[in-house]
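What follows is the residue order along each chain.
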Amino acid sequence: MESSVAIPRPTLKPRDPQPNPNQQLKIDVEHLSFFYGEKRALEDISIKIQPSVVTAFIGPSGCGKSTFLRTLNRMNDIIPGARVDGRVCIDGEDIYGPGVDVVAMRRKVGMVFQKSNPFPKSIFENVAYGLRINKMTSSKSELAGRVEESLKQAALWDEVKDRLHESALAMSGGQQQRLCIARALAVKPEILLMDEPASALDPIATQRIEELIYQLKTNFTIVIVTHNMQQAARVSDYTAFFWLGRLVEYERTDKMFTAPSEKLTEDYLTGRFG
Amino acid sequence: MRSTDLRFRIGIGIFAAALLLIVVAIGITLANDSSLSLQRFGFRFWRTSNWDPVAGEFGALPFIWGTFYSSVLALAIATPVALGIAVFISELCPQALRAPLMFLTELLAAIPSIVYGLWGIFVLVPAVRAIEALMPEGLRALPLFSGPPFGVGMLAAALILAVMVVPFTSAVAREVLKTVPMTQREAAFALGATRFEAIRAAMFYARTGIIGAVMLGFGRALGETMAVTMVIGNNPQVSLSLFAPQYTMAAVIANEFTEAANALYLSALIEIGLVLFVITLLVNVLSRGLIWSMAPP
Amino acid sequence: MMIRKIISAVFVGACGLAVVVALIPLAFVLFFVLSQGIQSLNLDFFLHNPRPVGETGGGMANAIVGTLILTTLAAAMAVPIGILSGVYLSEYRGSRFASAVRFAADTLNGVPSIVIGVFAYAVVVLPLGHFSTLAGGFALGVMMIPIIARTTEELLLLVPNTLREGALALGATRGRAVFSVIVPAALPGIITGVVLALARIAGETAPLLFTSFNNAFFSTSLTQPIASITVQVFTYAISPYEDWHRQAWAGALVLVAIVLTCSMAARIAAARIVRIRGL
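Protein chains in written order, with our numbering: chain A, 1 to 274; chain B, 1001 to 1297; chain C, 2001 to 2279.
So here's chain A without its partners, still in its complex pose (with noise of 0.2 angstroms):
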């Protein structure tokens, strides 16, 4: 990961922007750091997120951002050899405090993955899927209410509601990729992250989803990773940009597009490297 610009190490720690300090935080990450195995990937990372906003994390290939997504639902827990030191509290607990219950807090923190992973199931079953293993439904009717909710919360109801039992896999990949943010809705989650979700997708595709991003942060807190500065200027209300495993700047997304604080973050913007 070399670089012919000269980057400057970033001198300030990056300001906090709470609008109201008095509200309690949704995400609050203290120094952060992760390794796989020896190799640190993540270096000292704090940020407080607020419920009800859409937070969007930016930066080059590599710097860290979607392994620090993973982090907040503690999915790199699947991968051998990665370490965690830090902590990252949600509504006030600690996630990787001793005794935390992984299963229940991934159902409170839900994900919607790069390119979309729909089960080899109909896609009735696939938006049941979380509800059955969490047992959230008690009746065959209530069940199909909770689909037929989570398919409208994702703008997907009008185009399926007549295939509902027909195989996922037929879908197109927008299609796809909206009926996981579905099956991700169904289980009531208060947190939604999600990682690159429209960067498989043609343009209108990608548009539908930025407008169901909108839409549905009135009731979720929303981290999005994405490698499109526009789209993260359309999008969200606040921004995180990452450099080489660290947290370089984190402004309201008004500010740091038109005025960042750091030049490392401005060089970012205006495509001086990338």
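These are computed hints drawn from the structure, not numbers from a lab. Please note: incorrect hints may appear among the correct ones.
With a cut-off of at most 20 angstroms between alpha-carbon atoms, the simulated EDC-like pairs for lysine to aspartate or glutamate come out as follows [claimed, not checked]:
id : chain 1 : residue 1 : chain 2 : residue 2
1  : C       : Lys2005   : B       : Glu1186
2  : A       : Lys115    : B       : Glu1186
3  : A       : Lys108    : B       : Glu1186
4  : C       : Lys2005   : B       : Glu1091
5  : A       : Lys188    : B       : Glu1091
6  : C       : Lys2005   : A       : Asp101
7  : A       : Lys188    : A       : Glu142
8  : B       : Lys1178   : C       : Glu2154
Given chain A, work out where chains B and C should sit, using these hints.
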């Protein structure tokens, strides 16, 4: 195509054709050399149970019964074990254990059938005999457990077949599980699945291949000869009892081929070989089709 | 919630248990073969022929030599055909003929060994009029061909395409490129594959029962029946004589030793190949 390249292709193509030739030749030879028996007996051969070649009686039903019964039993025992091993090695086990465990399961497959048979005669059969003798009277009345505790019989054969089938099914199942994309498990985890539930999602994704792996094991069991013939008792009878000595197609060929005194007897045994060939061929083709639909070669 | 966690834990435990359950018979078999076999393994075993029925003593010298001759015959037949078939399968992967050959190879791999014995009987024993080493070698060779063909194919596919392109770019014909560059690159792996196939057929009994049959005396003739370790172990095992039982264990120990050494040698060789060539 240049002519030297063409000569090269044809040159080695002839050797490759040998494989095709052999398979076809096997089929033709078996069919040809069993024609005497096929013509004489027709389907009656497989419907009658009296195998008494000395008296000229050739009822082969006990062999096909014994082959399928022993193989199905072996499958019932071996499949959960084999799948458990496959899941353990591919999903659960710490990285350091993986290579040694794989080596050990391969070792299970590498031990020659005759060695299993030897161990079967002198270790397994006495153990089974002891278990059979300990069976309470009440259970003894059931057809499944009826008969004197010989030791040799269906149970011993099923057990030894199970041991031999496990490494095959487990190796193929492991390969199939490797082809399941990680994102399937991640999707399950992200929805709050437990380890079991996430593995179940992966196994669901791989279900065709896993069924193929199980069928491959079945095909292996159908054709196994030495270990079975040494512990099954070699008695041509159709019986539901696990304790009864019975016979399989492969075993009767192995035992009686050199004693076949006349052409009809030999032809009958070859007919049994023909049917065994066809059955294992079908099972193998089916299982390979299932596996390749998931993991193309 | 607790129930789900319990089920998950039970499942994980059951999988671990499955591993243990499978390893128990392995341990058992190896233990008995080792403990029983080592008692009867002495110099006599390797140097003497079997004594007449009922007498104690003697060894399996003729059988050991017989197995060696049979496997050599099988290899002589199977290695050229197998390797060249493997070359065809990898060079002309997509063609219909290659698919048919691959199908035949996999089919042949799945044919029960006793059926192969019947085939060899019909093809070699019947015309010749009696059992012979040739028939046994033929049967074992037929079994070896598909094994070698498939492993050769897989190994050749691992050779990077850039090697082939480099040779062709220098003006080599296809045949030249394959035999002077690609096959040598895969050769260590191919040899490993051959060794493993040899170990596998050295342990076969069923195809020899009515092809090479058995011979109480020492013989190296290709047209006469010949003893082999596997058939001898079988004959001894089902006999009523204790002394023969002991010798059967010794023979089994020799077989397992052959298999184990070849397996481990193949593993070590494969690991070294991967390290050296980064394949």
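Problem set entry | Restraint status (C-alpha distance of lysine 115 of chain A to glutamate 1186 of chain B at most 20 angstroms) | The given pair, whose Cα atoms are some 12 angstroms apart, holds under the 20 angstroms limit.
Exercise. Are lysine 1178 of chain B and glutamate 2154 of chain C close enough, with their CA atoms no more than 20 angstroms apart?
Worked result: OK: lysine 1178 of chain B and glutamate 2154 of chain C at ~18 angstroms, within 20 angstroms.
For this session: Verify the proposed pairing of lysine 188 of chain A with glutamate 1091 of chain B, using a straight-line Cα cut of 20 angstroms.
Result: violated (29 angstroms)
Problem set entry | Satisfaction of hint between glutamate 1186 of chain B and lysine 2005 of chain C, Cα-Cα up to 20 angstroms | holds (18 angstroms)
Exercise. Within a Cα-Cα threshold of 20 angstroms, do lysine 2005 of chain C and glutamate 1091 of chain B meet the stated pairing?
Worked result: holds (17 angstroms)
For this session: Given the hint that lysine 2005 of chain C pairs with aspartate 101 of chain A, test it: the Cα-Cα distance must not exceed 20 angstroms.
Result: Distance ~10 angstroms between lysine 2005 of chain C and aspartate 101 of chain A Cα, so the pair holds.
Problem set entry | Pair hint outcome, lysine 108 of chain A versus glutamate 1186 of chain B [Cα-Cα no greater than 20 angstroms] | Holds, because 15 angstroms separates the two Cα atoms, which is no more than 20 angstroms.
For this session: Would you check the hint for lysine 188 of chain A and glutamate 142 of chain A, treating anything up to 20 angstroms between C-alpha atoms as holding?
Result: holds (14 angstroms)
Taken one by one, the earlier hints fail for this structure only at number 5.
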